[in-house]
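**Q** Now for the letters of each chain:
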Amino acid sequence: AQSVAQPEDQVNVAEGNPLTVKCTYSVSGNPYLFWYVQYPNRGLQFLLKYITGDNLVKGSYGFEAEFNKSQTSFHLKKPSALVSDSALYFCAVRDNHNGANNLFFGTGTRLTVIP
Amino acid sequence: EAGVAQSPRYKIIEKRQSVAFWCNPISGHATLYWYQQILGQGPKLLIQFQNNGVVDDSQLPKDRFSAERLKGVDSTLKIQPAKLEDSAVYLCASSQDMWGTEAFFGQGTRLTVV
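Chains as they are written, first to last, in the working numbering: chain A, 1 to 115; chain B, 1 to 114.
Extracted from the complex, chain A is given alone in its bound form (with noise of 0.2 Å):
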């Protein structure tokens, strides 16, 4: 069965530093990754997604995630915070080797970007 972990509940970082949103995940077969984020009161907003190919994918507000097979990790990732970052973000999983390849969510890391 397929599974996501996001091991932060939160992450702090400060204005203007690189920032690092962790993911691992365990599939049966090979995994589509994505990331989303969502503001308070809205609904997700998909960033970017691991599909095949390159293994670091870019994305959306200068975001970008790197695929890491051996380590099954896919880690968000940007290189200079902004305040208006702060959000939940969520790791997805689909796994091409099960039939109903449905998409399956982390727990969520809230970001806060501290002025």
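There could be a bad hint or two in this list.
Unchecked claim - Below, a list of computed lysine-lysine pairs in the BS3-like style, where the Cα atoms sit at most 30 Å apart:
id	chain 1	residue 1	chain 2	residue 2
1	A	Lys-49	B	Lys-11
2	A	Lys-69	B	Lys-44
3	B	Lys-15	B	Lys-62
4	A	Lys-77	B	Lys-44
5	B	Lys-11	B	Lys-62
6	B	Lys-44	A	Lys-22
7	B	Lys-83	B	Lys-11
8	A	Lys-69	A	Lys-22
9	B	Lys-15	B	Lys-78
10	B	Lys-44	A	Lys-58
11	B	Lys-71	B	Lys-11
12	B	Lys-78	B	Lys-11
13	A	Lys-49	A	Lys-22
14	A	Lys-69	A	Lys-58
Bear in mind the hints are in silico, worked out from the structure with no lab data behind them.
Quick caveat: nothing in here was measured; it's all calculated off a predicted structure.
Starting from the known structure of chain A, fit chain B onto it as the hints suggest.
**A** Quick look at chain B alone, frame taken from chain A:
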């Protein structure tokens, strides 16, 4: 391109009452999902449709929850009877397919059961 539409945005009901949520996915999207998000937790998949067929409803409490997607477009999720622990945000999402395409989410319906 219009996004995923959900209604109502908010609903307050008493326990043991029934409630229904409606979702209109992005045009042309074959896959539709209903998620339950309890405060402070990640979204939990309740049911996934591919066109008008169910592909996964393993986490749907079928004694009280039901969902349908008639004609493979709009979908409704119903709870009858509601329990206090059903208080959550119910999110609808759609994607072009069940593979590498991302899912787009609606604003959600916040349900409070009192």
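**Q** Evaluate each hint against the coordinates.
**A** Do the hints match the structure? See the list:
no. : hint                : verdict
1   : A:Lys-49 / B:Lys-11 : violated, 33 Å
2   : A:Lys-69 / B:Lys-44 : holds, 25 Å
3   : B:Lys-15 / B:Lys-62 : holds, 17 Å
4   : A:Lys-77 / B:Lys-44 : holds, 25 Å
5   : B:Lys-11 / B:Lys-62 : holds, 21 Å
6   : B:Lys-44 / A:Lys-22 : holds, 20 Å
7   : B:Lys-83 / B:Lys-11 : holds, 14 Å
8   : A:Lys-69 / A:Lys-22 : holds, 14 Å
9   : B:Lys-15 / B:Lys-78 : holds, 14 Å
10  : B:Lys-44 / A:Lys-58 : holds, 26 Å
11  : B:Lys-71 / B:Lys-11 : holds, 26 Å
12  : B:Lys-78 / B:Lys-11 : holds, 13 Å
13  : A:Lys-49 / A:Lys-22 : holds, 15 Å
14  : A:Lys-69 / A:Lys-58 : holds, 17 Å
Violation of the numbered hints given earlier is confined to hint 1; every other hint is satisfied by the structure.
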